[in-house]
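Chemist: Residue numbers (the working numbering), protein chains in the order written: chain A, 1 to 116; chain B, 1 to 113.
These are calculated hints, taken from the structure and not from any lab test. Ideal Cβ positions, reconstructed from N, Cα and C, are used throughout, including at glycine. Check each hint, because a few of them may be wrong.
[As the list claims (entries may be wrong)] Just so you have them, the derived chain B footprint on chain A, three or more residues with Cβ under 8 Å:
| no. | segment |
| --- | --- |
| 1 | 59–69 |
| 2 | 75–89 |
[Stated by the list, open to error] Here are some chain B residues pointing at chain A (derived, C-beta under 8 Å):
| no. | residue |
| --- | --- |
| 3 | 31 |
| 4 | 89 |
| 5 | 102 |
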Amino acid sequence: AQTVTQSQPEMSVQEAETVTLSCTYDTSESDYYLFWYKQPPSRQMILVIRQEAYKQQNATENRFSVNFQKAAKSFSLKISDSQLGDAAMYFCAYRSVETSGSRLTFGEGTQLTVNP
Amino acid sequence: EPEVTQTPSHQVTQMGQEVILRCVPISNHLYFYWYRQILGQKVEFLVSFYNNEISEKSEIFDDQFSVERPDGSNFTLKIRSTKLEDSAMYFCAASRGTYNEQFFGPGTRLTVL
Chain A
1 AQTVTQSQPE
11 MSVQEAETVT
21 LSCTYDTSES
31 DYYLFWYKQP
41 PSRQMILVIR
51 QEAYKQQNAT
61 ENRFSVNFQK
71 AAKSFSLKIS
81 DSQLGDAAMY
91 FCAYRSVETS
101 GSRLTFGEGT
111 QLTVNP
Chain B
1 EPEVTQTPSH
11 QVTQMGQEVI
21 LRCVPISNHL
31 YFYWYRQILG
41 QKVEFLVSFY
51 NNEISEKSEI
61 FDDQFSVERP
71 DGSNFTLKIR
81 STKLEDSAMY
91 FCAASRGTYN
101 EQFFGPGTRL
111 TVL
């Protein structure tokens, strides 16, 4: 079974600065998807960015980018020019491609605080 | 922009009672999911549903749980006889296809007393 680990329960960043959230995962599969979801206080989870394992290029969405290291099974999220609205819980998630089903396996989450 | 909606936002029930949590997925999204998040713990997959059948379920999804799409729009999760440990936030999600993005609803907070 796949597992996802986020070793930083809490992180903080100054507004306009850059922060990196860590995520590692364990799998024996070679093809899969990785995601970062944001969960603001309203509780609704929103997809931030997604990475397909067979793509070597790191995904980027505006101020959000990932550092995907397949061999190391590492998938970190970098938030540039942090804004107050980025404050939320961030979840890293894994989804298999090789096995049937499309369940998401989540990490424990990292609570991000953005200081003005 | 279409959204997944869930009702109620908060449900309080007595242990042993049945509860039904409701979800209205986005109209052209045909794959449905339930996840739960016990306070302070990870978000956990419960079940996926497609074409009126369960596609996949986790070990958490035992005989106390059931899902159905009773009227072609709502997607429900029923817990037959609630236990204290069922207290959690329950999220519904929907996607266009198996490998498409899953859109989450705002969740239902279930409190079992």
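Chemist: Now tell me if each hint is right for this structure.
Modeler: These are the hints, each one checked on the structure:
1. Taking a C-beta to C-beta cut-off of 8 Å, the segment 59–69 of chain A contributes 0 residues in contact with chain B, too few for the three needed, and the coverage statement is violated.
2. Evaluation of the coverage hint for the segment 75–89 of chain A: breached, as 0 residues show C-beta separations to chain B shorter than 8 Å, against a requirement of three.
3. Hint on residue 31 of chain B holds. Least Cβ distance to chain A is approximately 7 Å, under the 8 Å limit.
4. Satisfaction of the interface hint for residue 89 of chain B is found here, the shortest Cβ-Cβ separation to chain A being roughly 7 Å, below the 8 Å cut-off.
5. Given hint, residue 102 of chain B at the interface with chain A, holds; its Cβ is 6 Å from that chain's nearest Cβ, closer than 8 Å.
Hint compliance for this structure: hints 1 and 2 are not met, and every other hint is.
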